[in-house]
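Engineer: Each chain is listed here by its residues.
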Amino acid sequence: MSFKRDKKEEEDSGGNPYQNLDKTIILQEARYFNQSPVNPRKCSLILTKILYLLNQGEQKFTTQEATEAFFATTKLFQSKDVMLRRMVYLCIKELSTLAQDVIIVTSSLTKDMTGKEDLYRAAAIRALCSITDSTMLQAIERYMKQAIVDKNSAVSSAALVSALHLSSTAPDLVRRWANEAQEAISSENAMVSYHALGVVAGSRRNDKLSTVKLVTRLARAPLKSPYALCLLIRLAAQLVEDDDSDAAQPYIEFIECCLRHKSEMVIYEAAHAIVNLRKTARDLAPAVSVLQLFCGSSKASLRLAGARTLARLTAKHPTAVAACAVDLENLISDPNRSVATLAVTTLLATGAESSVDR
Amino acid sequence: MVHTTMEGSLFEPTLYIVKGMCILDNDGNRILAKYYDKDIMPTAKEQKAFEKNLFNKTHRANAEIIMLEGLTCVYKSNVDLFFYVMGSSHENELILQSVLNTLYESVSILLRRNVERRVLLDNLDAVMLAFDEICDGGVILDTDPTSIVGRAALRTEDVPLGEQTVAQILQNIMNM
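Respectively, the protein sequence lines represent chains A and B. Take 436 as the starting number for the first sequence in our numbering and just add one per residue. Take 8 as the starting number for the second sequence in our numbering and just add one per residue.
Next comes chain A alone, as it looks inside the complex (with noise of 0.2 angstroms):
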């Protein structure tokens, strides 16, 4: 113990510079930021400290503090150095609640986010959106559509995923660029087509017709990208579960289909769906035995995965989880005490007699 304490004292001293940082000697440090030429690597490292207190959330910051830092902070835009405008932007993130008159770094962000300079732009972008407000949007809303289709993915991703942020307070004005997202669905790209298939999905909650429409419309030309697969199959589950009538056959086999994905993911998620929605024992075969299979993986979150959606199979088919007894019983010594807990109760839960005996 007391050799760990050594070793730690050692470390403490050995350049942890982020030990006992204190609020208000930072914002001194910060005037640093009004110095002309600005020295890139200083001014990096202050802003780390800011972030790092900021980040570990104990000393309170006020509004004047906040304010102040975030007006120092904004000088550093004459610096060209990259490393440190991206400090700047996540600064401007973290402060943007805090402080006060953050709009007047607007004209900046868009300017960085319209320039020459792609590693400023996707950046800008996210910057740009959490400061902006929806009386603001209206000036920025042309710059939006074009990054949302535009080439360079990170670029389009950072506005779509900033829209879909934006249209929880501006939801109409966002639902104008649906078209510029729907374009994007069909990206190369596997984020930008999932993050579009998030927003178009999201501005068409309410309207069943569009949404039977577009999920229709990707089942037939499944997507590339495993993450925005997932999201489709969630979107068909929905449909099926809201109409239970022969119409929702299509849906049933695109989920079906997607068990045969190569991606664990997509695997997963289709058979997670189908427990979910098939009601007889027959039909949940398929999707039961690839859970069976998650059961016997070498890594915990499959077999985590395989046995909690296992788990709530009982309530509705004890029966096709009894076919799994065995697996289940392989997991009841797991070494991960969760998988362990989820098998036990389990088999309680089917509480086949030759299992209890066992």
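Hints are computed from structural coordinates only; laboratory data are not their basis. Check each hint, because a few of them may be wrong.
Unchecked claim - Pair ranges (Cβ atoms, derived):
hint: 1; chain 1: B; residue 1: 120; chain 2: A; residue 2: 718; range: 44 to 54 angstroms
hint: 2; chain 1: B; residue 1: 19; chain 2: A; residue 2: 580; range: 27 to 37 angstroms
hint: 3; chain 1: B; residue 1: 120; chain 2: A; residue 2: 539; range: 36 to 46 angstroms
hint: 4; chain 1: A; residue 1: 678; chain 2: B; residue 2: 19; range: 31 to 41 angstroms
hint: 5; chain 1: A; residue 1: 651; chain 2: B; residue 2: 16; range: 17 to 27 angstroms
hint: 6; chain 1: B; residue 1: 85; chain 2: A; residue 2: 553; range: 39 to 49 angstroms
hint: 7; chain 1: A; residue 1: 698; chain 2: B; residue 2: 16; range: 22 to 32 angstroms
Unchecked claim - Straight line, CA to CA, 30 angstroms or less: simulated DSS-like cross-link-like pairs of lysine-lysine:
hint: 8; chain 1: B; residue 1: 59; chain 2: A; residue 2: 495
hint: 9; chain 1: A; residue 1: 515; chain 2: B; residue 2: 41
hint: 10; chain 1: B; residue 1: 83; chain 2: A; residue 2: 734
hint: 11; chain 1: A; residue 1: 458; chain 2: B; residue 2: 52
hint: 12; chain 1: B; residue 1: 41; chain 2: A; residue 2: 495
hint: 13; chain 1: B; residue 1: 55; chain 2: A; residue 2: 458
hint: 14; chain 1: A; residue 1: 714; chain 2: B; residue 2: 64
hint: 15; chain 1: A; residue 1: 546; chain 2: B; residue 2: 41
hint: 16; chain 1: B; residue 1: 45; chain 2: A; residue 2: 643
hint: 17; chain 1: A; residue 1: 659; chain 2: B; residue 2: 83
hint: 18; chain 1: A; residue 1: 458; chain 2: B; residue 2: 41
hint: 19; chain 1: B; residue 1: 41; chain 2: A; residue 2: 734
hint: 20; chain 1: A; residue 1: 734; chain 2: B; residue 2: 55
hint: 21; chain 1: A; residue 1: 734; chain 2: B; residue 2: 59
Treat the numbers as computed from the prediction; the structure is a model and nothing was measured. In this text, a Cβ means the ideal position worked out from N, Cα and C, and glycines have one as well.
Since chain A is already given, all that's left is putting chain B on it; use the hints.
Structural biologist: For chain B alone, coordinates are given in the frame of chain A:
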């Protein structure tokens, strides 16, 4: 974000999947943490209490995943650092796992495979940027470590020798 905890219900079709991400040191102290859902642990005090609890339950058992206080947490540790990604207990665990892999791999590349506390603190700014590139307000932004690092580690390595520490010079020599 309304989450039904109903038994046997479907996953919610949303992009807001990540509830939080954090990196703790080997005493369970926070190095970096972000929580994305205002309804879950809104104050720093609650968050730190949760982190302590999480750490106590995970630092000895390297079991990859745990269900705690209504959240699913996937985790991974190395030397004296612990990486966690949290999501709703009603979420596809494998998606959370992929976010954790992204976080760990990105940090690992940034730290030139020396994933330990001191090296991380020396590169804290880059790690903060990587954090920000992986998840935006609970939405998974990118899962490709190479592109994340490409956007987070932009330090121009042109520090004059006189301003470098001995450790940095040694590190540069090692990496040649």
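Engineer: Each hint should be assessed against the structure and marked as holding or not.
Structural biologist: Status of each hint after checking the structure:
For the pair residue 120/B and residue 718/A, the beta carbons lie near 48 angstroms from each other, so the given range of 44 to 54 angstroms is met. At roughly 28 angstroms, the beta-carbon separation of residue 19/B and residue 580/A lies within the given 27 to 37 angstroms, and the hint holds. Look at residue 120/B against residue 539/A: about 42 angstroms separates their beta carbons, and that is inside 36 to 46 angstroms. Between residue 678/A and residue 19/B the C-beta distance comes to about 18 angstroms, which lies outside the given range of 31 to 41 angstroms.
As the Cβ distance of residue 651/A to residue 16/B is approximately 23 angstroms, the hint placing it in 17 to 27 angstroms holds. The given range of 39 to 49 angstroms is broken by residue 85/B and residue 553/A, whose C-beta atoms sit roughly 32 angstroms from each other. Evaluation of the 22 to 32 angstroms hint for residue 698/A and residue 16/B yields a pass: the beta carbon distance comes to about 23 angstroms. Annotation: proposed proximity of residue 59/B to residue 495/A holds, straight-line Cα distance about 21 angstroms (limit 30 angstroms).
Between residue 515/A and residue 41/B the alpha-carbon distance is near 28 angstroms, which keeps this suggested pair within the 30 angstroms criterion. A distance of roughly 12 angstroms separates the Cα atoms of residue 83/B and residue 734/A; the hinted pair therefore holds under the 30 angstroms criterion. Straight-line distance between C-alpha atoms of residue 458/A and residue 52/B comes to about 18 angstroms, which keeps the hinted pair within the 30 angstroms bound. About 16 angstroms separates the Cα atoms of residue 41/B and residue 495/A, which keeps this hinted pair within 30 angstroms; it holds.
Between residue 55/B and residue 458/A, the direct Cα distance comes to roughly 20 angstroms. Compliance with the 30 angstroms bound is thereby established for this hinted pair. A C-alpha spacing of about 38 angstroms is found between residue 714/A and residue 64/B, which places the hinted pair above 30 angstroms, so the restraint is violated. Of the supplied pair hints, the one linking residue 546/A and residue 41/B holds, its CA atoms being roughly 28 angstroms apart against a limit of 30 angstroms. Distance hint between residue 45/B and residue 643/A is fulfilled; the C-alpha atoms sit about 29 angstroms from each other, no more than 30 angstroms.
For the proposed pair residue 659/A and residue 83/B, the alpha carbon gap of about 28 angstroms is at most 30 angstroms, so the pair holds. Pair hint residue 458/A plus residue 41/B holds up; C-alpha atoms about 20 angstroms apart against a cutoff of 30 angstroms. Distance restraint check for residue 41/B and residue 734/A: the Cα-Cα separation of roughly 26 angstroms lies within the 30 angstroms cut-off, and the hinted pair is therefore satisfied. For the given pair, residue 734/A sits about 28 angstroms from residue 55/B by alpha-carbon distance, which is consistent with the 30 angstroms threshold.
At roughly 25 angstroms between alpha-carbon atoms, residue 734/A and residue 59/B fall within 30 angstroms of each other, so this suggested pair holds.
In this structure, the earlier hints numbered 4, 6 and 14 are contradicted, and the remaining ones agree with it.
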